[in-house]
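Chemist: Residue strings, one per chain:
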Amino acid sequence: MLAQNVRSIALAPVGRIRVTSPDLPDRSLVLRAQEGEQAAFGELVGRYMQRAYYAALGLVGSPDDALDLSQEAFARAFKARATIDPERPFFPWLYQIIRRLCFNYTRDTSSRRKKLERVGSWLTDTTMGRGPDSPERALERAELRDQVAAAIEKLQPREREVLVLREFEGLRYREIAETVDIPIGTVMSRLYSARRSLARELVAAGVVESTESTGGEA
Amino acid sequence: MIEGRKGPPENGFRQLMMAAVDDEISPEERAELDAALAGDPKLRDEWEAFKRLREVTRTMTTREPPAEVWDSYWEGVYRRFERGLGWILVSLSAIVLITWGTWEWVQEILADTELPGFIRWAVLGLAAGLIVLFVSVARERWFARKSDPYKDLIR
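In order, the protein sequence lines correspond to chains A and B.
Reminder that position 116 of the first sequence reads as 116 in this note's numbering, one-by-one numbering, no gaps.
Reminder that position 154 of the second sequence reads as 154 in this note's numbering, one-by-one numbering, no gaps.
Only some residues are given here: those of chain B computed to face chain A with a beta carbon under 10 Å: (1) Asn11; (2) Arg14; (3) Leu16; (4) Val21; (5) Asp22; (6) Glu46; (7) Arg54; (8) Arg58; (9) Thr62; (10) Gly76; (11) Tyr78; (12) Arg83.
To spell it out: a stretch of chain A is covered by chain B in this simulated footprint if at least three of its residues, at any positions, have a beta carbon under 8 Å from a beta carbon of chain B; those stretches are: (13) 53-59; (14) 156-169; (15) 192-200.
Source of the hints: derived by calculation from the structure; they are not laboratory data.
Even for Gly, the Cβ is constructed at its ideal location relative to N, Cα and C.
Chain A on its own, in the form it takes in the complex (with noise of 0.2 Å):
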């Protein structure tokens, strides 16, 4: 293994990633990565990069620490390939390493005090610079939306780890199912759950108005 490993990565394309074959299935990339060829595997990065970092943004909620775990995740992948299924589809099985990583690290003691310095950076208003918002309006909605990444932040990690797939990452239940491994009814808990925390919140901020019912017990 490690022979191989040395042989592999002597052998690595430094740079940027080729993509010599983007109609290729994934089966075929991970059986070729499966036999050590690297660049195979480069091509799997290059296909879920951007899932991976905004997974792992979702879950940590800083850029700089995204994409330092998500390539993490595929340096340990790539270790870990010969348990890969290539039946089976890749990201989801990735997914479990980038969930691991970043509910480790949101434990960390150290991380969450910096968690708290960067509240609000990860989060984007997509109709902010589109129209004529005077500048009080354009104010109001950054506060709005660092609000919503401080409340999402103090959401348990399960719970928070569904909202994001569902919200920003506009994931299908059955998606997310598959990808966290656990049941649509589950999905559904969660996000309620995530939801209620979330409104709870958002209502002691002031920026949804209040219902009796969202403040008791549900």
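On the provided structure of chain A, position chain B as indicated by the hints.
Modeler: Quick look at chain B alone, frame taken from chain A:
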């Protein structure tokens, strides 16, 4: 149609509210939810809060990084392969060299007849103790790794 709906009725309505907010609800389920909302003011308040929340988050998305991030992404992954391999080689070589150096040093001390006997015995004991400790820790880590039932648990 929502798969996996189960549990008490309120649990079902929670799931229906989520499915409605996310446009994953069937017309039959929508009618079921509307009927429940009409008869339960508390549920309706909650539903209104979820709708308002969805309006707030609808226009938000994760921030895009600069385009250069994607250009140099592979380099970052590659560096990790390279450094991981580097650390393995450094660690293995260091273990070999330290073991060899220690062995040479112990031999030299033992061969030095001018040193008092208790010093030579102490050096021998130190070397033997270090070996025992190393083997013991290595064996413990190895068995713990192999038999840890929680090793795959996300902590």
